[in-house]
Each structure stands twice: as structure tokens, then as C-alpha cells.
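Novice: Take the sequences, apply the hints, and build the full model.
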Amino acid sequence: MIILISAQQLWAQETTRPISIEEQILALQTDVNDIKLNLNLSEKKFKRGIATATIGYTVTIAGGLMLGRKNDELGKVLLVTGGATGITGTILMVDAFKYLGRIGKRKVKP
168 MIILISAQQL
178 WAQETTRPIS
188 IEEQILALQT
198 DVNDIKLNLN
208 LSEKKFKRGI
218 ATATIGYTVT
228 IAGGLMLGRK
238 NDELGKVLLV
248 TGGATGITGT
258 ILMVDAFKYL
268 GRIGKRKVKP
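Counting in my numbering, the sequence shown runs from 168 upward without gaps.
Treat the hints with caution; some may be incorrect.
[Claimed, not checked] Cβ-Cβ distance ranges computed for the label pairs, FRET-style:
| no. | residue 1 | residue 2 | range |
| --- | --- | --- | --- |
| 1 | E240 | D198 | 24 to 34 Å |
| 2 | L234 | L195 | 52 to 62 Å |
| 3 | E240 | I217 | 28 to 38 Å |
| 4 | D198 | I258 | 22 to 32 Å |
| 5 | V244 | L267 | 34 to 44 Å |
[Stated by the list, open to error] Lysine to aspartate or glutamate pairs mimicking EDC-like chemistry, simulated, CA-CA at most 20 Å apart:
| no. | residue 1 | residue 2 |
| --- | --- | --- |
| 6 | K265 | E210 |
| 7 | K265 | D198 |
| 8 | K203 | D262 |
| 9 | K214 | D262 |
| 10 | K212 | D262 |
| 11 | K265 | D201 |
| 12 | K211 | D262 |
| 13 | K214 | D198 |
It is worth saying that the hints were derived from the structure and are not from the lab.
Heads up, the beta-carbon is just placed ideally off N, CA and C, and yes, glycines get one too.
Specialist: This is the structure we're talking about:
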């Protein structure tokens with residue numbers, strides 16, 4: 168009885184081909200290339216977000232300084248416009264991090 172169970176377990180196991188060193192190196196190189204690509208994409212979008220947010224918040228400050236003076240209406244417009252631009256830049260910066268979590272989540276083929 169024990170012999171039959173042991174033999175059945177042996178037949179049920181899949182035989183997988185061992186992965187060669189060359190295949191492992193190629194898989195690692197592909198992963199490294201994916202990481203480099205995603206970092207490059209993230210860096211570009213992050214820098215664009217920093218520039219946009221900086222311009223937006225600078226315009227907001229300028230608009231705030233104009234309030235209560237002779238250019239009060241212009242100050243209000245600059246506050247709203249600068250705030251919207253600054254928030255857009257912040258969203259771009261946060262969105263840039265999505266590329267960092269991406270990597271080729273491929274399964275190794277047997």
C-alpha cells in the first residue's frame with residue numbers, strides 16, 4: 168500500500184528542465200533593462216512635475232502679493248491659476264512613481 172502511494176506521488180510530479188546559466192543571465196539582463204527604462208520614464212515625468220509645480224506655486228505667491236492693492240482682480244486670477252498649475256505639477260510628480268513599481272513580472276518558463 169505504501170509503495171503504491173509513493174509510486175503515484177512520483178508519477179504526479181512534473182519534470183522540469185533546469186534553467187541554464189545563459190538563460191538566467193539573459194533573464195536578469197532583461198530585468199535590468201526594464202528597470203533602467205522605468206527609471207528613465209519616471210525621472211522625466213518627475214522633473215516635468217517639479218517644473219510645473221514650481222511655476223504654479225510661484226504664480227500663486229505672486230497673486231497673493233497682489234491682493235489688496237490696485238491689481239486686486241489680477242491677483243485673484245493668479246491665485247486660482249497658479250494653484251491649479253501647482254496642483255497639476257504635484258499630480259505629475261506623484262504619478263511619476265507608478266513607473267518605479269513596474270517590472271516585467273514574467274514567469275520563468277520551464
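Novice: Now look at each hint and say whether the structure bears it out.
Specialist: Hint check results:
no., hint, result
1, E240 / D198: 24 to 34 Å, "violated, 56 Å"
2, L234 / L195: 52 to 62 Å, "holds, 58 Å"
3, E240 / I217: 28 to 38 Å, "holds, 30 Å"
4, D198 / I258: 22 to 32 Å, "holds, 29 Å"
5, V244 / L267: 34 to 44 Å, "holds, 37 Å"
6, K265 / E210, "holds, 11 Å"
7, K265 / D198, "holds, 17 Å"
8, K203 / D262, "holds, 18 Å"
9, K214 / D262, "holds, 12 Å"
10, K212 / D262, "holds, 8 Å"
11, K265 / D201, "holds, 14 Å"
12, K211 / D262, "holds, 11 Å"
13, K214 / D198, "violated, 24 Å"
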